[in-house]
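Numbering-wise, my numbering comes out as the position in the sequence shown, counting from 1, plus 326.
Simulated from the structure, these hints should not be mistaken for laboratory data. Just so it is clear, CB atoms sit at the ideal spot from N, CA and C, and this is done for glycine as well. Take these hints with a grain of salt, some might be off.
[Claimed, not checked] When the alpha-carbon atoms are kept at most 30 Å apart in a straight line, the in silico DSBU-like pairs for lysine-lysine are as follows:
1) 397 to 648
2) 373 to 425
3) 527 to 456
4) 633 to 596
5) 456 to 714
6) 626 to 588
7) 527 to 373
8) 502 to 739
9) 739 to 505
10) 660 to 380
11) 588 to 639
12) 545 to 586
13) 609 to 626
14) 633 to 373
15) 380 to 633
16) 408 to 653
17) 545 to 739
18) 714 to 422
19) 562 to 380
20) 626 to 606
21) 633 to 648
22) 639 to 373
23) 502 to 606
24) 373 to 502
25) 609 to 652
26) 373 to 596
27) 639 to 623
28) 562 to 622
29) 527 to 586
30) 745 to 422
31) 745 to 373
[Stated by the list, open to error] Restraint ranges, calculated between C-beta atoms of paired labels, are given here:
32) 561 to 644: 22 to 28 Å
33) 745 to 576: 45 to 51 Å
34) 382 to 549: 33 to 39 Å
35) 650 to 407: 34 to 40 Å
36) 371 to 601: 18 to 24 Å
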Amino acid sequence: MKQKASFERFITWGKHIYSMGKNQFTYIDLFAGCGGMSLGLHNAGWKGLFAIEKDSMAFETLKFNLIDRLKHFNWPSWFPIKNHDIREVIKNYSDKLLKLQGRVDLVVGGPPCQGFSTAGKRDEKDERNKMIDLYIGFINLVQPKMLFFENVRGFTIGFKKKNSRGKAYSDYVWKKLEKLGYDIYGEILDFSEFGVPQRRKRFILVGIRGGDPRQFFNKVISDRVQFLQQRGLREKVTINEAISDLVRSNGEIDSINFNKFKEGVYSAAKSNYQRFLRRKMEKSLPDSHRFPNHAKKTAKKFRFILKNCERGKNIDTETKLKFNLKKRCVIPLKSGEISPTLTTLPDDYIHYSEPRILTVREYARIQSFEDDFEFKGNYTTGGVLRTKEVPRYTQIGNAIPPLFGEQSGIILKEICPGK
327 MKQKASFERF ITWGKHIYSM GKNQFTYIDL FAGCGGMSLG LHNAGWKGLF AIEKDSMAFE
387 TLKFNLIDRL KHFNWPSWFP IKNHDIREVI KNYSDKLLKL QGRVDLVVGG PPCQGFSTAG
447 KRDEKDERNK MIDLYIGFIN LVQPKMLFFE NVRGFTIGFK KKNSRGKAYS DYVWKKLEKL
507 GYDIYGEILD FSEFGVPQRR KRFILVGIRG GDPRQFFNKV ISDRVQFLQQ RGLREKVTIN
567 EAISDLVRSN GEIDSINFNK FKEGVYSAAK SNYQRFLRRK MEKSLPDSHR FPNHAKKTAK
627 KFRFILKNCE RGKNIDTETK LKFNLKKRCV IPLKSGEISP TLTTLPDDYI HYSEPRILTV
687 REYARIQSFE DDFEFKGNYT TGGVLRTKEV PRYTQIGNAI PPLFGEQSGI ILKEICPGK
């Protein structure tokens, strides 16, 4: 009896999705992280069915903002609202996923990219690289009308094989998806050309059943100026235009949630970009704007770097030797320029005017998250847990900028077949 009731609920949900799909654009978010792409699609008028994210902290952020607050997902009754490993989803729910064929407009998401990233240690044997095959397997089960795949630029570069390079994973995915019946096209896009204050080049691959995926790239590029102008924004936004209203010199208060920490306050908005991301903010204090407790020695080192090193570039070898720095990258930011690519390590960057690293909220601003989007979980994680947990800085560093996600969502609606 219980099984029958559960089955009937599933059939009811399936009919609901089918009828909703006639009027509304529907998608599933894989490797969803904290929900950067989902937030962009929400702002573009899409409706999510569900999201798959393995990490509990990242999913907590997604759930708070997109499920609980924005009611963005029509979550199925058969799928628990919690963090899930895609391996477990395919193993336990393949029969449910098969029944979604023909009812899903879009699947978005890119598998973990750390093994491909040129910003870190490129490792062909990284276990996370195997997520590619799970992504393809999920697409084969659901068979959406379209797919949107994002990954780092290094995804298009083959791993070194002695004196040569092997085939790039992008070619592997491209061919596998073509065999599933999709017309495929991909390009590397720089999000800084779409109003995001960050030089962030990513490989974007779009697949369509019975359509031309090149349309996406042509239109998202040709329509970007109009999209931004309608929101009072420009194509190029500098770091100080993004975060100058969040400087510590504005003032600080004792943190409510974190003992022995200080949090920052707003100044008046100083740019259209700041006004745009603060437009929905009802609280008087910015979320996740906790300042780090740097040791005096660290602050002194940062002051030296800000005074003596070239801005916007990795510090020179002499300075690294002076402070016995083993880090691959330490960049003092330059206020009047676009930010370099944010990584998941906040101590890769020094604030352009204050001897400190960026706060989580400043990270979020540079990734174009709106200020009413709140982050959950730990701020950072150290040691071996860095490869297993996704705290706040990592959530943001891994995310697709919502502003680009919204622009993509608008174009994907225009080219979706059968709508």
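Structure-based check of all given hints:
For the hint linking residue 397 to residue 648, the alpha-carbon distance of about 52 Å lies beyond 30 Å, and the restraint is violated. For the hint linking residue 373 to residue 425, the alpha-carbon distance of about 19 Å falls within 30 Å, and the restraint holds. Among the hinted pairs, residue 527 with residue 456 is consistent with the structure: their alpha-carbon atoms are about 23 Å apart, no more than 30 Å. Pair hint residue 633 plus residue 596 holds up; C-alpha atoms about 25 Å apart against a cutoff of 30 Å.
A C-alpha spacing of about 15 Å is found between residue 456 and residue 714, which places the hinted pair at or below 30 Å, so the restraint holds. Restraint check for residue 626 and residue 588: the C-alpha separation of about 19 Å stays at or below 30 Å, so the hint holds. Distance hint between residue 527 and residue 373 is fulfilled; the C-alpha atoms sit about 27 Å from each other, no more than 30 Å. At most 30 Å may separate the alpha-carbon atoms for a hinted pair to count; residue 502 and residue 739 meet this at roughly 24 Å.
For the hint pairing residue 739 with residue 505, the CA-to-CA distance comes to about 24 Å; that is within 30 Å, so the pair holds. Of the pairs offered as hints, the one joining residue 660 and residue 380 is violated, with about 35 Å between alpha carbons and a cut-off of 30 Å exceeded. At roughly 29 Å between alpha-carbon atoms, residue 588 and residue 639 fall within 30 Å of each other, so this suggested pair holds. Our distance criterion of 30 Å between C-alpha atoms is broken by residue 545 and residue 586, whose separation comes to about 50 Å.
About 34 Å separates the Cα atoms of residue 609 and residue 626, which puts this hinted pair outside 30 Å; it is violated. Only pairs whose Cα atoms come within 30 Å are accepted, and residue 633 paired with residue 373 is rejected, the gap being roughly 49 Å. Straight-line distance between C-alpha atoms of residue 380 and residue 633 comes to about 42 Å, which puts the hinted pair past the 30 Å bound. Note on residue 408 and residue 653: the hinted pairing is violated, with a Cα-Cα distance of about 36 Å set against a maximum of 30 Å.
The suggested pairing of residue 545 with residue 739 holds, with an alpha-carbon distance near 12 Å, which does not exceed 30 Å. Among the hinted pairs, residue 714 with residue 422 is consistent with the structure: their alpha-carbon atoms are about 29 Å apart, no more than 30 Å. For a cut-off of 30 Å, the pair hint linking residue 562 to residue 380 is broken: about 34 Å separates their Cα positions. The straight-line distance between the Cα atoms of residue 626 and residue 606 is roughly 38 Å, outside the 30 Å bound, and the hint therefore fails.
Proposed proximity of residue 633 and residue 648 is supported: the alpha carbons are some 15 Å apart, at most 30 Å. The suggested pairing of residue 639 with residue 373 is violated, with an alpha-carbon distance near 41 Å, which exceeds 30 Å. At most 30 Å may separate the alpha-carbon atoms for a hinted pair to count; residue 502 and residue 606 exceed this at roughly 42 Å. Proposed proximity of residue 373 and residue 502 is supported: the alpha carbons are some 27 Å apart, at most 30 Å.
For the hint pairing residue 609 with residue 652, the CA-to-CA distance comes to about 40 Å; that exceeds 30 Å, so the pair is violated. In summary, the hint linking residue 373 to residue 596 is not supported, as the alpha carbons are separated by about 33 Å, beyond the 30 Å threshold. With a C-alpha separation of about 22 Å, the suggested pair residue 639 and residue 623 falls inside the 30 Å cut-off, and the hint holds. With a C-alpha separation of about 36 Å, the suggested pair residue 562 and residue 622 falls outside the 30 Å cut-off, and the hint is violated.
Between residue 527 and residue 586 the CA atoms are separated by roughly 38 Å; this puts the pair beyond 30 Å, and the hint is violated. At roughly 24 Å between alpha-carbon atoms, residue 745 and residue 422 fall within 30 Å of each other, so this suggested pair holds. Only pairs whose Cα atoms come within 30 Å are accepted, and residue 745 paired with residue 373 is accepted, the gap being roughly 15 Å. Distance hint check for residue 561 and residue 644: the Cβ-Cβ separation is about 37 Å, which falls outside the suggested range of 22 to 28 Å.
The hinted window of 45 to 51 Å between residue 745 and residue 576 holds, with their beta carbons roughly 47 Å apart. Under the hint 33 to 39 Å, the C-beta atoms of residue 382 and residue 549, about 37 Å apart, fit the expected range. Here the CB-CB span from residue 650 to residue 407 is close to 48 Å, at odds with the stated 34 to 40 Å. With their beta carbons about 23 Å apart, residue 371 and residue 601 fall inside the hinted range of 18 to 24 Å.
When the structure is compared with the earlier hints, violations turn up for hints 1, 10, 12, 13, 14, 15, 16, 19, 20, 22, 23, 25, 26, 28, 29, 32 and 35 and for no others.
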